[in-house]
Amino acid sequence: MGGQKMNLSNLTPAQQKAVMQRQAQQQAAARAQQGGQMQGQGGKPMTEEEIKKAYIVKQQRWLLFLRHASKCQAAEGQCQYTPHCHVAKSLWEHVLKCTNSQCQYPRCLASRELLKHHQNCKDARCPVCGPVRSAMLKQRSQMLMQQQQQMGGPNAKRMRTDGQFMPVGPPVAQVKGSVGQKRPGGEGTSLMECFTPDEVRTHLASLRLCETANPVAKGQPMSARRRDAEAEKAIAGASESACQGCGVERLTFEPPPLYCYACVGRIKRGQVYYHIPPSATGGEVRKDAWCNGCYNAIQGHVELEGQKWPKNVLAKKKNDDDLEEPWVQCDYCNSWYHQICVLFNGRRNEGGEAPFTCPQCILSQLEKKERTPTTKRPSSQLPASILPQTKLSFFLEERLRKVMGRERQERAKLLGKPVDEVPHAEGLTIRVVSSVEKKLDTKSNFMRVFKDQKFPDSFPYRSKVLLLFQKIEGVDVCLLGIYVQEYGSECPAPNTRRVYLSYLDSVKYFRPSGIQVATGEGCALRTYCYHQILIGYLQYVKQRGFTSCFIWACPPFQGEDYILYCHPKEQKTPKSDKLREWYLKMLRQAQKEGIVLSLGNLYDEFHLGNQNHDIASATELPYFDGDYFPGVAEDWIPGIEKEQAENAKKNKGKKPAPQSKTRGKKLPNAEVGDDLDVELAKKLGATIQNMRHDFIMAHLAHQCTQCRKCIADDNRWYDSTPSDKGTVFELCQECYDVESALPAHDKVLTKGRDLVCERVEALVEKTGDDGEEMQSEFFDTRQAFLSLCQGNHFQFDSLRRAKHTTMMVLYHLNNPSEPAFVATCNVCQRELEPGKGWRCETCPDFDICEECKISVGHEHALVRSGQRHSGAAGGMTEEDRRDRQAQIQRTMELLVHATTCKLANCGSPNCTKVKHLFKHAMTCTMKAGGGCQLCRKMWTLLQVHSKGCKATNCPVPRCRDLKEYRRRATEQIEERRREQYRMYINQQNAAMGR
1 MGGQKMNLSN LTPAQQKAVM QRQAQQQAAA RAQQGGQMQG QGGKPMTEEE IKKAYIVKQQ
61 RWLLFLRHAS KCQAAEGQCQ YTPHCHVAKS LWEHVLKCTN SQCQYPRCLA SRELLKHHQN
121 CKDARCPVCG PVRSAMLKQR SQMLMQQQQQ MGGPNAKRMR TDGQFMPVGP PVAQVKGSVG
181 QKRPGGEGTS LMECFTPDEV RTHLASLRLC ETANPVAKGQ PMSARRRDAE AEKAIAGASE
241 SACQGCGVER LTFEPPPLYC YACVGRIKRG QVYYHIPPSA TGGEVRKDAW CNGCYNAIQG
301 HVELEGQKWP KNVLAKKKND DDLEEPWVQC DYCNSWYHQI CVLFNGRRNE GGEAPFTCPQ
361 CILSQLEKKE RTPTTKRPSS QLPASILPQT KLSFFLEERL RKVMGRERQE RAKLLGKPVD
421 EVPHAEGLTI RVVSSVEKKL DTKSNFMRVF KDQKFPDSFP YRSKVLLLFQ KIEGVDVCLL
481 GIYVQEYGSE CPAPNTRRVY LSYLDSVKYF RPSGIQVATG EGCALRTYCY HQILIGYLQY
541 VKQRGFTSCF IWACPPFQGE DYILYCHPKE QKTPKSDKLR EWYLKMLRQA QKEGIVLSLG
601 NLYDEFHLGN QNHDIASATE LPYFDGDYFP GVAEDWIPGI EKEQAENAKK NKGKKPAPQS
661 KTRGKKLPNA EVGDDLDVEL AKKLGATIQN MRHDFIMAHL AHQCTQCRKC IADDNRWYDS
721 TPSDKGTVFE LCQECYDVES ALPAHDKVLT KGRDLVCERV EALVEKTGDD GEEMQSEFFD
781 TRQAFLSLCQ GNHFQFDSLR RAKHTTMMVL YHLNNPSEPA FVATCNVCQR ELEPGKGWRC
841 ETCPDFDICE ECKISVGHEH ALVRSGQRHS GAAGGMTEED RRDRQAQIQR TMELLVHATT
901 CKLANCGSPN CTKVKHLFKH AMTCTMKAGG GCQLCRKMWT LLQVHSKGCK ATNCPVPRCR
961 DLKEYRRRAT EQIEERRREQ YRMYINQQNA AMGR
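Residue numbering for the sequence shown follows the numbering used here, starting at 1 and increasing by one per position.
Hint data in this document are derived by calculation from the structure and do not stem from the laboratory.
Remember, it's a predicted structure, so these values are computed and weren't measured experimentally.
Glycine included, every Cβ here is placed at the ideal spot set by N, Cα and C.
It cannot be assumed that every hint is accurate.
[Stated by the list, open to error] No farther apart than 27 Å at their CA atoms in a straight line, the calculated lysine-lysine pairs in the DSSO-like style are these:
#  : residue 1 : residue 2
1  : Lys683    : Lys649
2  : Lys116    : Lys53
3  : Lys569    : Lys585
4  : Lys97     : Lys268
5  : Lys853    : Lys308
6  : Lys950    : Lys454
7  : Lys402    : Lys508
8  : Lys947    : Lys919
9  : Lys58     : Lys71
10 : Lys853    : Lys316
11 : Lys443    : Lys915
12 : Lys438    : Lys963
13 : Lys578    : Lys508
14 : Lys915    : Lys950
15 : Lys443    : Lys950
16 : Lys318    : Lys569
17 : Lys402    : Lys592
18 : Lys71     : Lys853
19 : Lys947    : Lys902
20 : Lys683    : Lys575
21 : Lys451    : Lys950
[What the hints assert, rightly or not] What follows is a list of derived Cβ distance ranges for each label pair:
#  : residue 1 : residue 2 : range
22 : Glu93     : Arg61     : 18 to 24 Å
23 : Asn445    : Ala991    : 28 to 34 Å
24 : Lys311    : Gln889    : 37 to 43 Å
25 : Asp441    : Lys642    : 22 to 28 Å
26 : Pro816    : Lys368    : 34 to 40 Å
27 : Pro568    : Pro197    : 28 to 34 Å
28 : Gln889    : Cys126    : 55 to 61 Å
29 : Lys97     : Thr899    : 31 to 37 Å
30 : Val748    : Asp441    : 37 to 43 Å
31 : Glu93     : Asn690    : 21 to 27 Å
32 : Val264    : Gly857    : 35 to 41 Å
33 : Pro743    : Lys391    : 48 to 54 Å
34 : Asn445    : Ala990    : 24 to 30 Å
Based on the sequences and whatever the hints tell you, model everything.
Next comes the structure, spelled out in structure tokens:
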């Protein structure tokens, strides 16, 4: 190396030998170059192409050698692959830690470069990486096939290839007993079974074109013939091991975001964190995590759900997990496809033996009349239009159909074309997927301070979730999700008859795209559609007697999702001002239509800046679930109390200020001794002053400007001069009478105004929905739906994934009793595809994968996942589900009974058993965290009970702790949102020089 000699004394004998061999090879190569051409077989000079091939083969072999060394567990000299394995192991250990760009360790620099290339290489046709991947996959697939055959497990061609496992092409032809013995059709595993031939071709073409390096421009017209030709060209250039649908080999999911349990901060990709491993929980997989800083701050133990976990049981882990999309193999041609590409429902693959026919075979069978498209769909393939209708969804869908039809006619007139030739939005479906009664409890600090002012301890409301679907290329795609809170006529003030638009989220797949509306709004057709849905909702709640709607225009921040998990990369997240204008544009249109009567904001409405009137009491401000004010008020109260106590000490013994005419009024600049109520409202006003327009208020009924009470069944005195701000000055009869009774020089409200009187009709007495109850475990909260999507990798970041995700969401909505999440191996924590693992019927919630079953084993008998139920292919029958639900209900009732039962000889046969369980849990020193099976069984029962318990003072032990844990988890989510918004406000204030 440049005439320098390497010091071999620090190397092992094997390493010294390897270095000497390498130097000898280099010298031989140098001599060969000096003598002319390199010599090939037979002594002939090697051509440049042959030299290049030899170099590539050398790189391939070295890469395989390194990959083998990284996995090999054999002792030195015992490796059956090569006697030099220990040399590569030493190199591998060195490479993992080395960052020296001038490292002299043998092969270090070259190996690092090669490994770096291999890690980042995505090219299926790479001459180095492609053959290496194929060789490794072929070797592993053969090994897994042998293991499956030895164990009598499911067919190897069904084996999922997680992580570095990928399908090998061409696959070994294997014939199932069922194939060829019955007419094709009725598999019920892929949505493509319901497609017509044209829909199959369109779907395949969209897969192949969207995944190519040069996709067709969005919105560009293309004939069906050209589309199919481009798609075939894309798939023809793919490697043999690539998916036969999209032509791409390896596709990985976006890793779910990970947050620290203590500081609520996000644990970034590649960062180290600590978690409770399954070995410490007796097999239970927990998602709690602690960042490095918070882990160092832990003193002795952490407490979760009433259980204490010693700090030394927390395991260190790196946030770098990657999970590859699962595959599925056709029963007829043995081709491999990504499950997402072919809209395969993995939940139906119980036992790993679910039938599947690929799209190419479906096309062939349809052309040969061997198959007919599925017309009567099973519950696993039902469209969005089959979901139950409610009064609200029917009203919104009908209204949207009419307004979109009118807009199309206007566009046709503007373009001078017949209506039929103008593109329009087809296949739109609106459904309410959740409508449940909830209760918002007033937070502890706020309740403690304002209890004497009769502030309610809770607010009942109805939570609703609306979804918009559009059928795109024959598949329903969820485009829009909205969460609303309805505080009805029975709800106490200050929330009476108010609506809170809690969350709204969308993905940009609306069709047709790039079309401007012709109705004067100056927006895209997609925006017009979403606006009309919101305007329709406001019209509906107004008819039901609601008087106002509140919106906090707070966009999601970097890496956050509100409802729909993982947005497309090309979809930009709107800034606060853009989002605010988006809402205001919608509300101004609603105002033109007479649905919204006036617009305002929280800051001006309640005089938080004290421009015209005294600051409102904090108890007058709306108190919504997850809103900005309840959260920050709870955080501010202790600080305000502490500051006031310190001020009181400083001013102790001082002479009180002389009384004046302002006695009893709330002074805007008072500092010492100010009422906490006023201080809280003042602090809110000072905080949001520059962002006041983000807190939008839309009035659906007339409201008195002075007393802020709704004007109904009464006279209304209003200023006939129109305002350009969207606000209206109006007084109720009572306030008008008080103002009229004042001397002319004391009149402030009516001075210079020309007021007109009109009679306002009474509101609808009850705002209820006539008992339209729709429960969905997955949509109970937006976090529950996000968790469902994150836990199952239901992503919306591409159209192909959005199609599959929507299909699975509809599956869960139509089959609510089916398991919501994929199982996870309790040993290695890898996800298990349905039918690809084993389950213990003795231990609660214990699953294990094939590899860990062989290498680690389990103390109890295991059964194949998905083979415990008889009946329908989808799992339990309806009767099974009812029996299971009834059994759970009886168990929960027994749990509550045993808690309060004082009888020594209770007549209930299982009461004594549950009492013994309670007694054991109280005295056991091992506990669930130590692996005690009885404690784990008791803990599982308590968790199930607490999730459904609505009692304020439940007698069941630990019920309150478990509720508090879930409440804290929800608080952390809202806390992150408020903290991010606070940082945004600080940035805005700094930019304005405040």
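Going through the hints against the structure:
1. Lys683 / Lys649: 22 Å, holds
2. Lys116 / Lys53: Roughly 21 Å separates the two Cα atoms, so the pair holds.
3. Lys569 / Lys585: 26 Å, holds
4. Lys97 / Lys268: With Cα atoms ~21 Å apart, Lys97 and Lys268 stay inside 27 Å; holds.
5. Lys853 / Lys308: Violated, because 30 Å separates the two Cα atoms, which is more than 27 Å.
6. Lys950 / Lys454: 23 Å, holds
7. Lys402 / Lys508: 23 Å, holds
8. Lys947 / Lys919: Answer holds: Lys947 to Lys919 is near 23 Å, not above 27 Å.
9. Lys58 / Lys71: 20 Å, holds
10. Lys853 / Lys316: Within the cut-off at roughly 24 Å; holds.
11. Lys443 / Lys915: 35 Å, violated
12. Lys438 / Lys963: 15 Å, holds
13. Lys578 / Lys508: 16 Å, holds
14. Lys915 / Lys950: Distance of about 23 Å is within 27 Å: holds.
15. Lys443 / Lys950: Holds: Lys443 and Lys950 sit about 17 Å apart, inside 27 Å.
16. Lys318 / Lys569: 25 Å, holds
17. Lys402 / Lys592: 18 Å, holds
18. Lys71 / Lys853: Status holds; Cα separation ~19 Å.
19. Lys947 / Lys902: Holds. Lys947 to Lys902 sits at ~25 Å (cutoff 27 Å).
20. Lys683 / Lys575: It holds: about 25 Å lies between the C-alpha atoms, which stays within 27 Å.
21. Lys451 / Lys950: Given that 27 Å is the threshold and the Cα spacing comes to 22 Å, the pair holds.
22. Glu93 / Arg61: 18 to 24 Å: Roughly 20 Å apart at Cβ, these two residues keep to the hinted range, so it holds.
23. Asn445 / Ala991: 28 to 34 Å: Taking Cβ atoms as reference, Asn445 and Ala991 lie about 32 Å apart, which means the hint holds.
24. Lys311 / Gln889: 37 to 43 Å: 39 Å, holds
25. Asp441 / Lys642: 22 to 28 Å: 25 Å, holds
26. Pro816 / Lys368: 34 to 40 Å: With Cβ atoms ~39 Å apart, the hint holds.
27. Pro568 / Pro197: 28 to 34 Å: Holds, at about 29 Å.
28. Gln889 / Cys126: 55 to 61 Å: At 58 Å between Cβs, range holds.
29. Lys97 / Thr899: 31 to 37 Å: 56 Å, violated
30. Val748 / Asp441: 37 to 43 Å: Holds, at about 40 Å.
31. Glu93 / Asn690: 21 to 27 Å: 56 Å, violated
32. Val264 / Gly857: 35 to 41 Å: 39 Å, holds
33. Pro743 / Lys391: 48 to 54 Å: Taking Cβ atoms as reference, Pro743 and Lys391 lie about 53 Å apart, which means the hint holds.
34. Asn445 / Ala990: 24 to 30 Å: Holds, since Asn445 and Ala990 (Cβ atoms, about 29 Å apart) stay within the stated range.
Hint violations for this structure: numbers 5, 11, 29, 31, all remaining hints satisfied.
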